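Single-letter residue listing:
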Amino acid sequence: ELKVEQNPLFLSMQEGKNYTIYCNYSTTSDRLYWYRQDPGKSLESLFVLLSNGAVKQEGRLMASLDTKARLSTLHITAAVHDLSATYFCAVDMSRTSYDKVIFGPGTSLSVIP
Amino acid sequence: GAVVSQHPSRVICKSGTSVKIECRSLDFQATTMFWYRQFPKQSLMLMATSNEGSKATYEQGVEKDKFLINHASLTLSTLTVTSAHPEDSSFYICSARGLAVSFADTQYFGPGTRLTVL
Chain A
1 ELKVEQNPLF
11 LSMQEGKNYT
21 IYCNYSTTSD
31 RLYWYRQDPG
41 KSLESLFVLL
51 SNGAVKQEGR
61 LMASLDTKAR
71 LSTLHITAAV
81 HDLSATYFCA
91 VDMSRTSYDK
101 VIFGPGTSLS
111 VIP
Chain B
1 GAVVSQHPSR
11 VICKSGTSVK
21 IECRSLDFQA
31 TTMFWYRQFP
41 KQSLMLMATS
51 NEGSKATYEQ
61 GVEKDKFLIN
71 HASLTLSTLT
81 VTSAHPEDSS
91 FYICSARGLA
101 VSFADTQYFG
111 PGTRLTVL
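Line by line, the protein sequences give chains A and B. For the first sequence, position 36 (counting from the first letter as 1) is numbered 36 according to the numbering used here, and the numbering increases by one without interruption. For the second sequence, position 101 (counting from the first letter as 1) is numbered 101 according to the numbering used here, and the numbering increases by one without interruption.
Hints were generated in silico from the structure; no laboratory data involved. On a predicted model such as this, the values are computed, not experimentally measured, just so you know. Possibly wrong hints are sitting among the right ones.
As the list claims (entries may be wrong) - Here are the simulated EDC-like pairs of lysine to aspartate or glutamate, each with C-alpha atoms no more than 20 Å apart in a straight line:
| no. | chain 1 | residue 1 | chain 2 | residue 2 |
| --- | --- | --- | --- | --- |
| 1 | A | K100 | A | E5 |
| 2 | B | K41 | A | E44 |
| 3 | B | K64 | B | D88 |
| 4 | A | K68 | A | E5 |
| 5 | A | K41 | A | D82 |
| 6 | B | K20 | B | E63 |
| 7 | A | K100 | B | E63 |
| 8 | A | K3 | A | D99 |
| 9 | A | K100 | A | E44 |
| 10 | A | K68 | A | D30 |
| 11 | A | K100 | A | D30 |
| 12 | B | K64 | B | E52 |
| 13 | B | K41 | A | E5 |
| 14 | A | K3 | A | D66 |
| 15 | B | K41 | B | E87 |
| 16 | B | K64 | A | D99 |
| 17 | B | K41 | B | D88 |
| 18 | A | K41 | B | D88 |
| 19 | B | K14 | B | E87 |
| 20 | B | K66 | B | D88 |
| 21 | A | K100 | A | E1 |
| 22 | A | K17 | A | D82 |
| 23 | A | K3 | B | E59 |
| 24 | B | K55 | A | D99 |
| 25 | A | K100 | B | E59 |
| 26 | B | K41 | A | D38 |
| 27 | A | K100 | B | E52 |
| 28 | B | K66 | B | E87 |
| 29 | B | K55 | B | E22 |
| 30 | A | K56 | A | D30 |
| 31 | A | K3 | A | D30 |
| 32 | B | K20 | B | E87 |
| 33 | A | K41 | B | E22 |
Required output: the full structure, derived from the provided sequences and hints.
Rendered as structure tokens:
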């Protein structure tokens, strides 16, 4: 059974600081997504990582994927309050016999002044 | 970009009634649509996967007779919660994967439907 873990689950960080959120998964996949969710809202797609070694950056966020280690990271640079949200990684199994995407538990990020 | 809509965005119903939620891909054809449920402060849990014209595949523990899914066309899937009870109150989110290569690499999420059963 596929398991997707995120670390940490809760993160409180000061503005201006850097931090990394980790996403580990238990089976082979070369597609992974990062999403942001604000309270009461649906998901906003942040990054689509489609191959080993993929690295994407948007603003203060950078995501990477290491399929051999089954690890993805979401790095936050110089955090600002607007980044406060819950971040989910999701592993895409569509290239296996299971056409589904499994979500991690989410990381609740709070950026404080 | 690809847009997925859901209707209604919010619904309140009495216990024992049925509620239908629509999910539409507005500017692309979706081979596969997915239905998720999210309880407060929890992650998204996949309920079922549906392909146009075929029966939905339900995840373990999801009652197919309670959560009826119909994927009538390449742009529309519906989820009907039958005989709803308070424990069915949740945030239901659909997503769609496109038919064309340009829309097939990821899922596009709808805005969600908040169901409250009294």
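Right, here's what the structure says about each hint:
no.: 1; hint: A:K100 x A:E5; in the structure: holds, 17 Å
no.: 2; hint: B:K41 x A:E44; in the structure: holds, 17 Å
no.: 3; hint: B:K64 x B:D88; in the structure: holds, 14 Å
no.: 4; hint: A:K68 x A:E5; in the structure: holds, 16 Å
no.: 5; hint: A:K41 x A:D82; in the structure: holds, 15 Å
no.: 6; hint: B:K20 x B:E63; in the structure: holds, 16 Å
no.: 7; hint: A:K100 x B:E63; in the structure: holds, 18 Å
no.: 8; hint: A:K3 x A:D99; in the structure: holds, 15 Å
no.: 9; hint: A:K100 x A:E44; in the structure: holds, 18 Å
no.: 10; hint: A:K68 x A:D30; in the structure: holds, 9 Å
no.: 11; hint: A:K100 x A:D30; in the structure: holds, 13 Å
no.: 12; hint: B:K64 x B:E52; in the structure: holds, 17 Å
no.: 13; hint: B:K41 x A:E5; in the structure: holds, 16 Å
no.: 14; hint: A:K3 x A:D66; in the structure: holds, 16 Å
no.: 15; hint: B:K41 x B:E87; in the structure: holds, 15 Å
no.: 16; hint: B:K64 x A:D99; in the structure: holds, 18 Å
no.: 17; hint: B:K41 x B:D88; in the structure: holds, 16 Å
no.: 18; hint: A:K41 x B:D88; in the structure: holds, 19 Å
no.: 19; hint: B:K14 x B:E87; in the structure: holds, 12 Å
no.: 20; hint: B:K66 x B:D88; in the structure: holds, 10 Å
no.: 21; hint: A:K100 x A:E1; in the structure: holds, 12 Å
no.: 22; hint: A:K17 x A:D82; in the structure: holds, 14 Å
no.: 23; hint: A:K3 x B:E59; in the structure: holds, 15 Å
no.: 24; hint: B:K55 x A:D99; in the structure: holds, 14 Å
no.: 25; hint: A:K100 x B:E59; in the structure: holds, 10 Å
no.: 26; hint: B:K41 x A:D38; in the structure: holds, 11 Å
no.: 27; hint: A:K100 x B:E52; in the structure: holds, 15 Å
no.: 28; hint: B:K66 x B:E87; in the structure: holds, 13 Å
no.: 29; hint: B:K55 x B:E22; in the structure: holds, 17 Å
no.: 30; hint: A:K56 x A:D30; in the structure: holds, 15 Å
no.: 31; hint: A:K3 x A:D30; in the structure: holds, 15 Å
no.: 32; hint: B:K20 x B:E87; in the structure: holds, 17 Å
no.: 33; hint: A:K41 x B:E22; in the structure: holds, 17 Å
Every hint, counting from the list given before, is met by this structure.
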